[in-house]
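Visitor: Chain by chain, the residues:
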Amino acid sequence: METFWFIAIAIVLTVFFILDGYDFGTGIIHLFFAKTEKDKEVIAKSAGLFWDSNEVWLVAAGGLLFMAFPTFYASVFSGFYLPLIIVLWLIIFRAIGLEFRGQFHFQMWKDIWDKSFGISSLLLALFFGIALGNVVRGVNLGGVEDGVSVYEGHYFFLPLWNSSFSPLSDHPGIIDWFTIIIGLISVVTLAIHGANWIILKTNSSINGKLKNIIFKLNIALAALTIFSLVVWQIVNPNSLDNFKEKPYLIFFPLIYLNGLIGLFFIKKLRKDIHGFALSTLLILGGITSSLASLFPVILPSVNSVNEPLTIYNTASANYGLSVALTWGFIGFTLLIIYFIVQKRLMGGKIDHMDYGH
Amino acid sequence: MEDMIFYDRLQFAFTITFHYIFPQLTMGLSLLIVYFKWKYLRNKIEKYNDSAKFFMKIFAINFTMGVVTGIPMEFQFGTNWAKFSELTGGIIGQTLAMEGMFSFFLESSFLALFIFGEKLMGQKLHLLTGFLVFLGSWASGWFILATNAWMQHPVGYEILENGKFVLENFSALFTNPWLLPAFLHNQLASVVTSSFVVASIGAFYVLRNKQVEHGKLFLKTGVIFGLVSSILVAFPTGDWNAKNVAKYQPAAFAAMEGIFETEEAGAEIVLIGQPNMVEKKLDNKIAVPNILSFLTYQEWDRQIVGMDKFKEEELPDNIPALYYSYHIMVGLGTVFMAIMALAAFLLWRNKLYTSKAILWSIMFLVPFPYIANLTGWYTAELGRQPYLVYGLLRTTEGVSPTVSSGNTLFTLLGFVALYMLLGLLFLVLVGKTINQGPKHQTH
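Each protein sequence line maps, in turn, to chains S and G. Start counting the first sequence at 4; every next residue gets the next number (this note's numbering). Start counting the second sequence at 327; every next residue gets the next number (this note's numbering).
Bound-form chain S, shown alone:
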């Protein structure tokens, strides 16, 4: 039952990163590469039409996590207090940027909200990557000082960084050189994803140039990926154990690899959707591989005093989980129906779609 809900929530969360990921990425591309007003407008629109329906997946993931793994929810949300609240502010800034840029037609107004949209998107991509880095690296559960827990064993509090910026310290901070690398991977991945989305959904004048950019970003991504795999071994020496024990899990890294290799051929792809599909594989593979390497752990402990958080020691009681199964099934079915209806109605290029203003 715990495993089932773990998988269900992982799916919802991955869908969130795939969907909202493209509008984060769109913001990153918008910040660095959109030059003419026409491009800026249409690229902002390709995110603006969709961001709110994408973010409901975050709300759903949050709700389900709360229901199924309340101890994990409590521990992680209070432990990562500052970055989470900052993420909330960024989400708000991004939304304001998208919703307000088209409201008044003078340049200064648009410039302000374009920057708000772009910079928040960039920082969100970075922060989500850093968050993944933290989960993979582990935290000082129980706030252990000299072998003694300061809090209950499943609580912790991370500062934004510590003086050494090192993941190997006994008191790792949220930002250190390892989590920064994962953050950069996230930024590059989502930038590629966003660029593919722009190519797919718009006729912007930079579409041709974007393929070039994707190609270059992909080289950077390949380098970062290899580098991160090496340092990951230093930070968490057990990271490959799961793959050795259950060789079929290798399927997930292969998904990632497939996306990575495929994107080197971006200029030769016949259909725009193929590029988008490949960057979707990157996100899907990246998240699932990380989770698979940890399973059944969901938050490792960097000390030996307290046990890591697993799906078993953080889950709700069985009755609740099975009741939720019933309504969850109905809920998921409805989600998929809404999703299909929406994609059909909003299909194709969106350049001339009225934004309701």
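I should point out that these hints are in silico values taken from the structure, not numbers from a laboratory. All C-beta atoms in this analysis are idealised placements derived from N, C-alpha and C, irrespective of residue type, glycine included. Some hints here could point you the wrong way.
No more than 27 Å apart at the CA atoms, straight line, and that leaves these computed lysine-lysine pairs for DSS-like [stated by the list, open to error]: (1) G:Lys546 / G:Lys383; (2) S:Lys113 / G:Lys383; (3) S:Lys346 / G:Lys450; (4) S:Lys41 / G:Lys383; (5) G:Lys637 / G:Lys573; (6) S:Lys212 / S:Lys43; (7) G:Lys445 / S:Lys352.
If you want the ones that stay clear, here's a sample from chain G, every Cβ over 12 Å from chain S, calculated [unchecked claim]: (8) Lys365; (9) Arg368; (10) Asp565; (11) Asn567; (12) Lys573; (13) Asp627; (14) Thr660; (15) Ala667; (16) Gly763.
Position chain G relative to chain S; hints supplied.
Guide: For chain G alone, kept in the frame of chain S given last:
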């Protein structure tokens, strides 16, 4: 420790107050939008369709604000009230997750379809999407109220040795005697707000002599919906809720009614007075004898337990705030009934559109239903103190064990600054939409 809880509570109070400005409008407004659209399908008069689309624009702005201020609410359970989340997540996680999966998705998907899809779908399907938006927003209210009802009056649970609440009976969450009256009261109050908003925009158009035909329609619709809802919000639903408080939270009831001393031969109802917490009495009191006993139990001389019969640690920790919230809500509710009755009378006599005084009043009264809604919620939440889960889990026990008060103050200040900006932009945007008016639909 005290300080830490103070900032956590203040942050939750501030962010939920700001958040609830938006859903209280959208829930009620969706009902009026469905009404306009349905009328249009029956009479084919264009201005009804214009109205439905115009208010859906206002709805959409509010919905966006509701989404971006709503995500922090869900997060804060974990960030600031971690211990509470850990102990009760197995129960209220159910209703909160259902809210996300059923209502939020429904609302956001079909809102987009309503706005973009009129030509694509045809009129009947357009009405259906409007109805589904309404359904989504009311279902959202239902699940949130179910969550709150469980905190006010916990049911269907079992407490384990480690203090965790475990769900024992799922359907009890929805048959909770607290839920239905609270839900109806809340939804009707939301209809009051949106009726005032609709009528107020109508009054603005009529007074400004611009888009007068639409203005008159807004006024008429707003006044009729407003009259019906402001009566129903008091009787029977408000009354029903008060009886629930008297039954399940007698300490909160005594505090909100300002009953410091138990009156054996029937309790008076306080109209005016300021709680004096030093001398434990009301200053400058104006009260009517025996009415409260009658309203609560239909017996003139029934005893109502006063605050003197409860231990300090069972009483709400901010009695004046609770008392004022409740009395402001009730007082404003009475004003709404009076003004809407007067407006309806003038409407019936065909004098409403020329009665400047009442049009001005309706226009400027628009902030007050918001205040009444919020003070109503303050009454519920302050009354629940000093508990998070009434009688079982104290507020001091629910806070995050690892987050320092310095960090909470920092984020609170950040939220205040950001929400000020957000509020300003919201007003600019709504003002612009109202200024354009329903005639300037972009098709």
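Visitor: Each hint should be assessed against the structure and marked as holding or not.
Guide: Against the structure, the hints come out as follows:
As the CA atoms of lysine 546 of chain G and lysine 383 of chain G are separated by approximately 20 Å, the hinted pair is consistent with the 27 Å bound. Restraint check for lysine 113 of chain S and lysine 383 of chain G: satisfied, since their Cα atoms lie roughly 21 Å apart, inside the 27 Å limit. Note on lysine 346 of chain S and lysine 450 of chain G: the hinted pairing holds, with a Cα-Cα distance of about 21 Å set against a maximum of 27 Å. With a CA separation close to 25 Å, the supplied pair lysine 41 of chain S and lysine 383 of chain G stays within the 27 Å bound.
Under the criterion of a C-alpha separation no larger than 27 Å, the hint pairing lysine 637 of chain G with lysine 573 of chain G is consistent with the structure, at around 18 Å. Distance check on the hinted pair: lysine 212 of chain S and lysine 43 of chain S sit about 15 Å apart at the alpha-carbon level, within 27 Å; holds. Between lysine 445 of chain G and lysine 352 of chain S, the direct Cα distance comes to roughly 18 Å. Compliance with the 27 Å bound is thereby established for this hinted pair. The Cβ of lysine 365 of chain G sits about 23 Å from the closest Cβ of chain S, beyond the 12 Å cut-off, so the non-interface label holds.
A cut-off of 12 Å between C-beta atoms confirms that arginine 368 of chain G is not in contact with chain S; the least separation is 26 Å. The non-interface label for aspartate 565 of chain G is consistent with chain S: the shortest C-beta to C-beta separation is roughly 33 Å, beyond 12 Å. Against the 12 Å criterion, asparagine 567 of chain G stays outside the reach of chain S, whose nearest CB is about 27 Å from its own CB. For lysine 573 of chain G, the requirement that its beta carbon stay farther than 12 Å from each beta carbon of chain S is met, with the minimum near 28 Å.
The Cβ of aspartate 627 of chain G lies farther than 12 Å from every Cβ of chain S, with a closest approach of about 47 Å, so its non-interface assignment holds. Once the 12 Å rule is applied to beta carbons, threonine 660 of chain G is consistent with being away from chain S; the minimum gap is 37 Å. Taking the minimum C-beta to C-beta distance to chain S, about 37 Å, the non-interface status of alanine 667 of chain G holds against the 12 Å cut. With a least CB separation of 15 Å from chain S, glycine 763 of chain G remains clear of the 12 Å interface cut-off, as annotated.
The earlier numbered hints are all upheld by this structure, with none contradicted.
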